[in-house]
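Q: Generate the whole structure from the sequences, applying the supplied hints.
There are 2 protein chains.
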Amino acid sequence: MPFELTKELTEKIEALIEEKNDQELQTHLEEFHHADIAEILDELNMEEATYIIKLLDSEQTSEVLMEMDEDDREKILKNLNAKEIAEEIESMDTDDAADIISELSEDIKTQVISNIQDKTHAENIVELLKYEENSAGGLMAKELIRVNENWSVTGCMTEMRNQAENVTRVHSIYVVDNKGKLKGRLSLKDLITAPSQAEIGDVYIRNVDFVDVHTPGEEVARVMQKYDLEAIPVVDEFGRLVGRITVDDIIDFIREEADKDYQLAAGISEDVDSNATLTEMIRARLPWLILALLGGFIAVKVAGTFEPAMENFGVLFFFTPLIAAMAGNVGVQSSAIIVQGLANGTLSGSVIQRLFKELGLSLLNGCILAIILFVGSHFLLGHDYIIGFTVSISLITVILLASFIGTFVPIILNHYKIDPALATGPFITTSNDIFGLLIFFTIAKLILGF
Amino acid sequence: MPFELTKELTEKIEALIEEKNDQELQTHLEEFHHADIAEILDELNMEEATYIIKLLDSEQTSEVLMEMDEDDREKILKNLNAKEIAEEIESMDTDDAADIISELSEDIKTQVISNIQDKTHAENIVELLKYEENSAGGLMAKELIRVNENWSVTGCMTEMRNQAENVTRVHSIYVVDNKGKLKGRLSLKDLITAPSQAEIGDVYIRNVDFVDVHTPGEEVARVMQKYDLEAIPVVDEFGRLVGRITVDDIIDFIREEADKDYQLAAGISEDVDSNATLTEMIRARLPWLILALLGGFIAVKVAGTFEPAMENFGVLFFFTPLIAAMAGNVGVQSSAIIVQGLANGTLSGSVIQRLFKELGLSLLNGCILAIILFVGSHFLLGHDYIIGFTVSISLITVILLASFIGTFVPIILNHYKIDPALATGPFITTSNDIFGLLIFFTIAKLILGF
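For the record, the sequence lines run as chains A and B.
Under this note's numbering, the first sequence has 122 at position 122, and the numbering climbs by one with no breaks.
Under this note's numbering, the second sequence has 321 at position 321, and the numbering climbs by one with no breaks.
Don't take each hint at face value.
Identical copies go unnamed one by one, so any copy, or any two together, can satisfy a pair.
Taking lysine-lysine pairs in the DSSO-like style, the calculated list, with each CA pair at most 30 Å apart, reads [claimed, not checked]:
| no. | residue 1 | residue 2 |
| --- | --- | --- |
| 1 | Lys78 | Lys54 |
| 2 | Lys83 | Lys181 |
| 3 | Lys109 | Lys183 |
| 4 | Lys357 | Lys260 |
Hints listed in this document are in silico derivations from the structure and should not be mistaken for laboratory results.
A: The structure is reproduced here in structure tokens:
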């Protein structure tokens, strides 16, 4: 019963497009949910996908377009003229419409907007385009049910039915005063059970969670998750109700943010998925590798500075990858804890407390690892205990420094409003490699004297 | 207006507890949402938190307990006896109740269950405890509104009002047949607009998304996100309706999974957050560092095998951290793309296609990086072009192998039902370090002949 995208299905659809068998295509596609049609379209080539979009009515295709992969959607929209795009936009909710329009090139954008028949719809979209993409304003939709606190329950019911036509799902009814200021909310259940002579002012709930148009998306997600909200109203600078954000959009937002953080930690920028083109992949991955390579140059230079050690203590150079790897791993662990704590808002205590805790932990871990290394070096080096001792002492120091950098850098970045997730991955491993080697050779020089 | 946990607030609460000023405490805490009270409690010490839990009525505290940090909650529950815990459980939804009970030790568990007064509630909880934690059965709640397809709309309204008392939020009304099999769903809106003489069978929507009790949580999240569902019904092996999962639980699930994957990629196992104790932190982090250290031993051994090169080509040993770092970074990039593709179900094409794409990309990236390295080595090494050439050729080969391992390992793990996220982080960087060094020195030996 659940939908599965099989090869047979794709082939069948392709054959029907080939035959231009529009009627059969329509009957066939009608069975599917728009999210399933989007999955099919993502598999087809651009001409085939465009054919289907033009075939189905805009009521259905507007939903399909929204569910498609952004890159595939962009290609299809390039095949449509401004009037055709405007028709799709007409049946979309304002938030989706604004998302689509913001993906278009500047000149098409204006043409599409002027082609929208419903002028209120067009104005709403233009309003939404003003806000930053990841702010509450950029995430919200204008579609909502709004009642005045001075209305009667009966009058409200009639008015509400009119408004409900434009709203796919009614989560809450929002109550405003004469100036449009958000005063509270009302559940459908409350409205139905209230005496019909009552005024809205007597029955609504005054305690309502809301966000400001400028509230960052992360904060909206945090509030909605904390209070288990299915929708949250958005107000402007004057406290006037201007939109609402629904939970399905927030789920998408949470997922995208998590994906982005994960990719940054792995040294992949931009939002590429496994189906990205070669060029997109190179753009997302090569810069990080170049960064790591340049860091590697410095590491070569550092090791080169200690070349005199090679004559009598050449064995030290066997340990450089080990030291670098440990520095990198510890740094990534420390920074990941901080990055996640910042993202989830669970980071408590001062920076100093945090550093002390992390350094204490690293000292403990470092000592245990140093003992293992000392014992292990006996098997690797035989009775050359002074080298084993040198390497072990260096390891503790390197781990301490690595955890210091791993903790400190994301906190600093966050302080300067730079995404702390940048700090994990190649950035932290590369800098820890360099500092790790420098410390290692310096300590070795102090102990062994070369 | 939004709640903020200030130091003043915590101190005020602490002072009131100190004074045993119960009345003021109650009036003060009543203002807050239960999620806010949970935040306050997470800041207090165990005795203070327990004091508040005992002070407030169980209607409120059951919600507070659910919102608390798992570790803090566990400590508070240890201070309550079985009867007190049972009282809390009594006011909880079945899914929350089952979560709490599963955290208790075996002997307390039985005592708590036998102390629950509402026997149906107890039976429901026991049923939920049977299912695996991260399956649909483990995520669902028993609270839902269920109507029979043979009922009339009027009869249904009455029955529904009774059932609604136990359900916090009504998302959908589910329609079943005489055998309890899920047949479809009904929106509150449909029910209100239907003629009162109609039978449910005439008005319900037959097309309903559902999952099986054994469906993994990831799949439930995928379906709910894809179709923008706010709740999904769960059926047993016979297609009978046994529960429903709501979107707020799925958001928590998505967040936890994303956190887990992120941590695994950073070499942190178990679910620790930034406020974990030192012991928890060590348990989560030390094993990965030991793994990396053991891998480091092998790397030392590999480098040691090529000691003869040191006499004439000692400079090669300056490059080992660079080679290891590049192998690690490329491996993490490749595996992250696969792990994320698997998690989001967006991985298309065969394993062979995927490998070819990744290797093609790595060949391109590798060539660009090798050229940079060759040019860079001129500045590092002077006119020793043969070394620069050797290192550059090695780099391309190492990058190719690293991306092969990074792509292949998570696919293999996933095939054998092991979490592919294990493959990113220390596991992949450590193995790539070793193989990278082995290839580097082997190629150098072939070219330079030492």
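Q: Hints first: check each against the structure and report whether it holds.
A: Hint-by-hint comparison with the structure:
In this assembly of identical chains, the alpha carbons of Lys78 and Lys54 lie at most 30 Å apart only when taken from the same copy (13 Å versus 64 Å across copies). Taking the shortest Cα distances, Lys83 and Lys181 never come within 30 Å of each other, neither inside one copy (36 Å) nor across copies (48 Å). Proximity of Lys109 to Lys183 under the C-alpha cut-off of 30 Å is found in neither arrangement, the shortest distances being 36 Å within a copy and 45 Å between copies. In this homomeric assembly, Lys357 and Lys260 come within 30 Å of each other (Cα to Cα) both inside a single copy, at 28 Å, and across copies, at 22 Å.
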